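Based on the hints, put chain B in the right spot on chain A.
Each chain, written out:
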Amino acid sequence: MFEGLTSRFEGILRRARSRGRLGPKEVEDLLREIRLALLEADVHLDVVRIFLERIRERALGTELSGVLNPGQQVVKIVLEELTLILGGETMKFTYAAKPPTVVLLAGLQGSGKTTTAAKLARWFKSRGRNPMLVGVDLQRPAAVAQLETLGERIGVPVFSRPTDPVAVVVAGRAEASRLGRDVVILDTAGRLAIDDELMEEISGISAAVQPDHTLLVVDSMMGQDAVNVATAFHERLNLDAVVLSKLDGDARGGAALSVREVVGCPIAFASTGEGLSDLDLFHPHRMASRILGMGDVETLIEQVETTYDREQAENAAARMLEGRFTLDDFLEQIHQLRRMGPLSSVMKMVPGMSQQMAGVDEALDEGRIDRLEGIINSMTPAERIDPGLIDGSRRLRIATGSGTQPSDVTQLVRQFREMHKMMKKMGGRGPGGRSSKRRGKGRRGGRPPMAEPTGSDRSVTKGLSLPGLGDATEGTGPDLPGPWPLD
Amino acid sequence: MSLRSRLGRARNAISAQVLGVRSASTVDASTWNALEEALILADLGVSTTADVLTAVRQRADAEAVDESAIVLDLLRAEFVERLGAVDRSLARGGHPAVWLFVGVNGVGKTTTVGKLAHMEVQAGTSVVLAAGDTFRAAAVDQLALWGDKVGAPVVRGAEGADPSSVIFDAVEHAAAVGADLVLADTAGRVHTRGNLMDELSKVRRVAEKGAGTVTETLLVIDSTTGQNGLIQARRFTQAADVTGVVLTKLDGSARGGIVVAVQEELGIPVKMVGVGEGPDDLIEFDPVEFVDALFELDSDVEA
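Going down the list, the protein sequences come from chains A and B.
Here the first sequence is numbered in my numbering, starting from 1 and rising by one per residue.
Here the second sequence is numbered in my numbering, starting from 1 and rising by one per residue.
In isolation and in its complexed conformation, chain A is listed as follows (with noise of 0.2 Å):
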């Protein structure tokens, strides 16, 4: 998402980092490629101003005299400012006192509002609420028809009347308290900031509805106009969070910066793909670190701790230190981590590896993992749990039947049994015993250190390892042989 950004600064930076002090001149220096970064990225040229003009306050200020060296202040300067101006604080959802909290949606066609309902709908779903959507866009052919689909799909009841918008919304709250439902998500028409009519229209709905809280949809891949439609919706709705759609793209985001820097209501959740469990709060810290090129472990961590499945992993490890760790096993790791979405938007989450990812052809490194699970699919149960079973005819067979190449069947084996000495070594290293203590206790323990503002390049396979596995490869097991011979 932020990669453009993230690239540029990693760049900036670095050579920052290797001058030994920092000039009026390297200043500037340094601020026009920010600038030109920004720009890059579509945030608003007015916002672009006031972010240099802190940067500059207090890069030239006193701070620069300190113990740390100039380029790791110039660092944690402009990573405190982009945080400030990505918002600051997570935002925290707040309900009515008295049920149903109702929820406003507006924005642009095609922004994402009918999508991002559905997202919302789920996302209070999962947090135990019981949503209900209401279909208030009677514009475009067959949008409620669309919301309906998605309503059904996640198990939410839809609403809707071909009447007039304010009469839906007003139907719609009633059905909801009727229905004992405690959150209410109006998904209206999309419209053009400029349109007086319709956005009289939407004035209309906020007026006889109420809402606790209005939310503008905007598109991460959007321009310079951003910060104009947002503030042409704000005048009209007071509006209270953004929703930032389409953020899976390669889009830089700059619409992020720019609304809430200048409309000034926080980013209240991220739409980051097409699933509608795509959807999570917007977390301003961690999006700044992952534009200044540090990695976005925190978000890693919990796709790990929410789809991977805890007690299976740990079965694995168990496995793995009694030695009985197969090519099954190995095939369901492989399994859990594509779990979490495609490798490369799991890898880009990882501190210094937005830069290395750049050059990587995703389709390559999907490949190899689909062949991979091609030639362990094509090993029989025996050959699968003993590796050494498989000779010159069998490594043939299995190499027809995934449409590999014997070298290929060659190399996983090889690889395999290299996994296998590593962790015969790695539970030989450490005191005894420790790892099975530490097994299952906290879900925080395999937990990797975040990354630090100066430390960008720390711990990148600290940051890959994942629980369970992770903790039973740092600890120690019995030192046991492998389940054949190893060479």
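Among these hints, one or two may not hold up.
[Stated by the list, open to error] No farther apart than 25 Å at their CA atoms in a straight line, the calculated lysine to any residue pairs in the SDA-like style are these:
id, chain 1, residue 1, chain 2, residue 2
1, A, K125, B, F135
2, B, K202, A, G273
3, B, K149, A, E148
4, B, K202, A, G403
5, A, K25, B, W32
6, B, K149, A, K125
7, B, K202, A, R161
8, A, K25, B, S47
9, B, K202, A, G374
10, B, K202, A, T404
11, B, K202, A, E274
12, B, K202, A, R368
13, B, K149, A, T404
14, A, K25, B, N33
15, B, K149, A, D164
16, A, K25, B, E37
17, B, K202, A, K92
18, B, K149, A, K92
19, A, K25, B, S30
20, B, K209, B, P153
21, A, K25, B, A29
22, A, K125, A, D182
23, B, K202, A, G275
24, A, K25, B, A50
25, B, K202, A, I369
26, B, K149, A, P141
27, B, K149, A, A145
28, B, K149, A, M419
29, A, K92, A, K25
What the hints contain is simulated information worked out from the structure, not anything from laboratory work.
Computed from a prediction, not measured in an experiment: that's the story for all the values here.
This is chain B only, laid out in the frame that chain A set:
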């Protein structure tokens, strides 16, 4: 009806800088700063902006221009020259010809297909619509409503069906009934999703498996799109050989400056412009009108 008048209020959005330049009358550093701001605010991007202004400045210096009105004329000429006299007509031929519509989510592909169907039916072309967006809930219904409205048959598959097969069926149907043109809608997709871009390549290939020929692949870009538009154009061109751009929702923003970079870098011209929600609100792209509307460079705006 000129593009400017159709853009209505939106055309005032970024004119403050340009009007400032005009009213200052003399040329100095602030003139160039103001123009730089205007171009960046129009989403032209930093490097295109720098290119354009460097060229204009060289001409202004060479001709010792000291009047801001003449600088604005030079700027206008520079843009018109860059956007140039390229062929912006939509290619026909093929029995039937297939026009494929591609783009990221929410840019207005389905609506564009509907409007273009209306135009073509009005002009006497026999059109078949292919509901190739089998992903977005109710997208097929949306296209079917357009089909009813403009009087064009819609070939559809089940939700979640393979888009390639739906479009293939539509082409076969068109060939069977002797229709001239298939307008094929596709699901919006973010261009970073490798598997979905592969799917699009397949759609493009399969569309030509039968009787039809894909004579246009039109990338639909929302005119509020920022610098990401250029990356979109690159990726979609790699996947599906984009032949032209449809710039939508220009009535809302009067921007879309990214199309200048798209044409310069990839040689893909804008062919159509969407200026409203009605069936008639799709017009041919005229570079002179576009530039005038973007910067209000023609002098009668002063009045």
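Point to revise | Hinted pair K202 (chain B) and R161 (chain A), Cα distance within 25 Å | key: Distance ~40 Å between K202 (chain B) and R161 (chain A) Cα, so the pair is violated.
Review point. Regarding the pair K202 (chain B) and T404 (chain A), is the alpha-carbon distance no greater than 25 Å?
Key: holds, 23 Å
Check your understanding: Quick one, are K92 (chain A) and K25 (chain A) close enough, alpha carbons at most 25 Å?
Key -> Not OK: K92 (chain A) and K25 (chain A) at ~42 Å, beyond 25 Å, violated.
Review point. Is the hinted pair K25 (chain A) and S47 (chain B) satisfied, with a Cα-Cα distance of at most 25 Å?
Key: holds, 23 Å
Point to revise | Restraint check for K25 (chain A) with S30 (chain B), where alpha carbons must lie at most 25 Å apart | key: holds, 23 Å
Point to revise | Given hint E274 (chain A) paired with K202 (chain B) - CA-CA distance at most 25 Å | key: Distance of about 21 Å is within 25 Å: holds.
Check your understanding: Would the pair K149 (chain B) and M419 (chain A) pass a check requiring their Cα atoms to be no farther apart than 25 Å?
Key -> Given that 25 Å is the threshold and the Cα spacing comes to 63 Å, the pair is violated.
Point to revise | Given pair status - A29 (chain B), K25 (chain A), alpha carbons within 25 Å | key: Answer holds: K25 (chain A) to A29 (chain B) is near 21 Å, not above 25 Å.
Check your understanding: Straight-line Cα separation of K209 (chain B) and P153 (chain B) no greater than 25 Å?
Key -> holds, 21 Å
Point to revise | 25 Å limit on alpha-carbon distance, applied to hinted pair K25 (chain A) and W32 (chain B) | key: holds, 23 Å
Practice item. Below or equal to 25 Å on CA atoms is what counts here, so check K149 (chain B) against E148 (chain A). Key: holds, 23 Å
Practice item. Could you grab the alpha-carbon distance between K149 (chain B) and K92 (chain A) and see if it respects the 25 Å cut-off? Key: Violated - the C-alpha atoms of K92 (chain A) and K149 (chain B) are around 46 Å apart, more than 25 Å.
In terms of the numbered hints stated before, the structure departs from hints 6, 7, 13, 17, 18, 28 and 29, listed from lowest to highest.
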